[in-house]
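On the provided structure of chain A, position chains B and C as indicated by the hints.
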Amino acid sequence: MTEHQARKLASLTTPLLLIALLAVFVLLVGAFGDRSLGRMAAETLIRVTLVVGFWIFVGNSGVVSFGHAAFACVGAYVSAWVTLKPEMKTLLLTGLPDWLAQAEWHVLPAAVAAGAVAAVLALVTGAAILRLSGIAASIATFAFLAMVNTIWANWTPVTGGTSSVVGLARYVSPWVGLGWAAAAIVVAAVYATSASGLALRATREDEVAASASGIDRYRHRLAAYTVSAFFCGVGGALMGHFIGVINPDGFYLSLTFLMLAMLVMGGIGSLSGAVVGVLVVSIAVEGLVRLEKGVTLGATEIALPAGSQEILIGLAMILVLIFRPAGLLAGRDLSLPAAWVAGRAKTTK
Amino acid sequence: MKHLTLGTALVAALATPAMAEDITVGFAIAKSGWMEAYDTPAATAAKIRIDEINAAGGLLGNQINWVESDTRTDRAEAAKAGLDLVDQGAQMLVVSCDYDFGAPSALVAEGEGMNSFFLCAEDVKAGIQGVGPNAFSSSVLAPVQGATMAEWSYSKREARKAYVLEDTFIEYNKGICTGFNWMFPRLEGAEIVGRDTFKNDDASIASQITRIKELAEEPDVIMLCSVMPGAAAAVRQIRAAGINSLILNGSAVDGSYWLDATPDLSGFVVPVQGSIYGDDPRPEVEAFNAAYEKATGARPASQYAYPGYVLIDLWAKAVERAGTLEGAAVTAELEKMQDEPTAFGPRSFSGELHHQNTALMQIIEITGGKPARVDEWRISEPVPMDVLIAK
Amino acid sequence: MTLQLLFDALSLGGIYAIAALGIALIFGVMKLVNFAHGQFIAFAVFALIVPSTDAVAVMGLGAAPALVLVPAILAVGAGLAVASEYLVFRPLRNASPVALMVASFALGVVIQNGLLVAYGGRPKAISLWPELGKPVALLGAEVPMLQIIVIVSVLVVLALLAVMLKRSRIGLEMRAAAEDFGMARLLGVRANAVIAGAFALSGALAATVALVLVAQTGVADVRMGGQIMLVAFIATVVGGMGSLPGAVAAGFALGAASVALQAALPIEARPFRDAFLYGLVILVLLLRPQGLFAAASAKPRV
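These protein sequence lines map, in sequence, to chains A, B and C. First residue of the first sequence? That's 1 in the numbering used here, and the numbers climb one at a time after it. First residue of the second sequence? That's 350 in the numbering used here, and the numbers climb one at a time after it. First residue of the third sequence? That's 741 in the numbering used here, and the numbers climb one at a time after it.
This is chain A alone, in the form it adopts within the complex:
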């Protein structure tokens, strides 16, 4: 086995390691945590699905997108449209076409449909937006997000407008979250090592050299954007079925920045960075929230003042960025050492 083959094999262990990491996280929470911690685990895994989806485009292309929360929004509503009880829909969402108002799908095909609709929307809008480069593309994705949000908040007969839609079956347990997070990780890893993924990363590193080598940047970006939107759509659907209530406001700027912050904290350059970023931020937030509620240590009870969690997490983010500007993993991936994977690597070298 050559060194190159050994490295390639080693890189295949990355998704497996990441999934194992998440599985250990779920098992630990299940073994030692209360119900509220179980909720936190499920929420974290939904975020992994969202952020890994987000990474497929942002990480590989190097273009910051502000539009992915819109795909989560669309996904959440698609899943609501096909799974809500027909009585509820005829009462509250009067503008739905008849076949949709009568639909009562199982949640799994609904999640897939949520992703698929988001992906189609990405393909159509991306075809225009991704002709732009750099910051102009970012702003265009932002304008897209604002458009989707405005439409969703006011298209009352179909989306319920600013009023939350309730009644989504709350089926998302940590294990369901783990399943989708694992799927997202596997697809992201496969895409990253595919010809399209490699070509896209080449354009990220050096646009001119890549185009001189005959790489069609636009096509690969559009492919990544579409795949990426699929998992954001699924993530949105899961988020809706996790909380049970959806509102356009829940899929707007705060979600956009949360996704971006998790990705940058972990390190935008690698898939492991995306996963680790979500885990670290989610666990840190949960820890601070619990500290704010009060923790008994021996005889003394320690509690942070109300509202300090947001301030502390903001400060922590700034500090991490100052000391590790490229994120916690700084573009590296978790993988087993090449030598282990190759077994007799030393002798063949």
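Hint data in this document are derived by calculation from the structure and do not stem from the laboratory. Bear in mind that the values here come from a model prediction, so they are computed numbers and not experimental data. Heads up, the beta-carbon is just placed ideally off N, CA and C, and yes, glycines get one too. Do not rely on the hints blindly, as some may be mistaken.
Claimed, not checked - When the alpha-carbon atoms are kept at most 20 Å apart in a straight line, the in silico SDA-like pairs for lysine to any residue are as follows:
{"hint": "1", "chain 1": "C", "residue 1": "771", "chain 2": "A", "residue 2": "133"}
{"hint": "2", "chain 1": "C", "residue 1": "771", "chain 2": "A", "residue 2": "21"}
{"hint": "3", "chain 1": "B", "residue 1": "562", "chain 2": "C", "residue 2": "878"}
{"hint": "4", "chain 1": "A", "residue 1": "293", "chain 2": "A", "residue 2": "32"}
{"hint": "5", "chain 1": "B", "residue 1": "548", "chain 2": "A", "residue 2": "133"}
Unchecked claim - Here are a few chain A residues that sit away from chain B, every Cβ distance over 10 Å (derived from the structure):
{"hint": "6", "residue": "100"}
{"hint": "7", "residue": "105"}
{"hint": "8", "residue": "120"}
{"hint": "9", "residue": "153"}
{"hint": "10", "residue": "257"}
For chains B and C alone, coordinates are given in the frame of chain A:
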């Protein structure tokens, strides 16, 4: 924050230590984030009622205890807070004021077969039509507030030509306008002469005002369906443009704290459940205002403390009648309530509606920068269900 | 009617233009999209009142006469911006633009939640210069005094800034830095001074927006500034990243487009105004990807 701590300390001091037989009420409310300013007064009022009940011998012979969990003005945290409270043994959940932020916790209660009460939700979905069969709100539906404004201004201020200015920011605003749009054109000779929309955080509503000024004559009333801070900003800009029509709004802008935005404001009217200004004709209302001041050091800043008091009152009565805390049984008793008297006017629930589709409302008018109760009004017929739902 | 619309467009566009300028200045010198700019605005607004979570706001600085108040609030804005630069952005100077952006967002979260803890979540009323709330007749249109003041003060600020950028040494250096920062440094531009200067100016511009907003709306809310920041950010890009006149022009253009849409759309479509506005933005970007007034540095050189 000072008031919060004082209030909590006082209420905590009054609460007796937990015993095995104690009844536990859970409060899934925002203690941080922007919702906190709305949840804390209503929750404090609820705790005042709990203390009164405890002092009078308790509920079903047991003392009522309460536990709370912070929703952080966040939907996902609200669901966690609900679970957290159930784990702490809560037998009924009081959830965040707003429908959007309270629903995730109320759904948890629904899942456990428990009752849940929104602190002040005014959207019909915060009940059977949305959250589920055991969810209630004791506040007055937003369309009722809009309809009250329509009928009162028509009858008492000869309003014939109205202009509707809707802030599309939240569902509450749309509800106010829905009620007004339903009621006003039904009245003999009354007409809505124009409509426009704006967004709460618009830096300027100059073009909306230009449209009003282009009307052949100034409208008698402007129905402003908005909440703070956009409402205060809109009022300031409307008056600065020299428009002197009577401005109507919903309960959400009750309170005098925002009046500095338009000094010497006159001709501004809101409907409320009770007056915080010491001039409510019902002595119970003033007695509550005094109790609130004693507990927190200040009088209520707006009417939104009142629904918190009322909800505990109604729930406790239903529990006494049902003889149990079990959700479905208490719901059945609540649904039997027809014009059940409370300190803030009669309340009704039914098998179709867990909200007030009509209510006796106090009319507060601001004149020369001073708010005062000028009248009371109950709409001539309840807002029908199809208007409430098909917004 | 059309004259009235023009005034409406100028007063809204003016606010956007000043905010866009504040963002473009910083972007020009350090490629930072400062998402905390909205919170700078909110901070300057709240600096007018005494910190307290009570419902009724007590004027602190806001009670001072305008001659003291205006420079003081501008100094508060500038001070906050310079402090942010020193504590957060200077250590990050070599980080990627994305990391910078996320850091500015985190800073915004810190400022906003700090305000929330200090002032509570309930919006507050601020009576700043209430005597401005009177309409005056001007060229056949009846215009609120406030609107005229807004337009005049925007024009004054822009004129002052133009003079400063054109005539002073730091202004020259800033323009050079916005054009090509690397080259400017090689030619002896003082990086720290220019960047600190850009932040101070940007902060003062945020404070200007704050004063105009408060005079216009009479309210303070921790979430205010966010929407303006986003529109300003878009204006900066549409104007051509790094181009200061472009940012101003695009700010005015966005304000005008918003007013025109509000006036022209039928009532059913009016709630969707912003969707049309942002659709227009995408269209403009597709037609002119480098923005209306592209800076020389906007195009990557090979």
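Can the restraint linking residue 771 (chain C) and residue 21 (chain A) be considered satisfied, given a maximum Cα separation of 20 Å? 37 Å, violated
Nearest-CB test (10 Å) between chain B and residue 120 (chain A): Residue 120 (chain A) is indeed farther than 10 Å from all Cβ atoms of chain B, at 27 Å.
Pair hint residue 771 (chain C) and residue 133 (chain A), alpha-carbon separation not exceeding 20 Å: Distance ~16 Å between residue 771 (chain C) and residue 133 (chain A) Cα, so the pair holds.
With the threshold set at 20 Å, check whether the alpha-carbon distance from residue 293 (chain A) to residue 32 (chain A) stays at or below it. With a Cα-Cα distance of about 19 Å, the restraint between residue 293 (chain A) and residue 32 (chain A) holds, given a limit of 20 Å.
Beyond 10 Å from every chain B Cβ: check whether that's true for residue 105 (chain A). The claim holds: residue 105 (chain A) sits with its nearest Cβ about 21 Å from chain B, beyond 10 Å.
Given the hinted pair residue 562 (chain B) and residue 878 (chain C), is their alpha-carbon gap at most 20 Å? 15 Å, holds
Take the C-alpha atoms of residue 548 (chain B) and residue 133 (chain A), compute the straight-line distance between them, and say whether it is at most 20 Å. The hint is violated at about 32 Å.
Taking C-beta pairs only, is residue 100 (chain A) more than 10 Å away from all of chain B? 18 Å, holds
Decide, holds or violated, for the assertion that all CB atoms of chain B are farther than 10 Å from the CB of residue 153 (chain A). 7 Å, violated
Beyond 10 Å from chain B, beta-carbon-wise, is residue 257 (chain A)? 14 Å, holds
Of the hints listed earlier, those the structure fails to meet are numbers 2, 5 and 9, in rising order.
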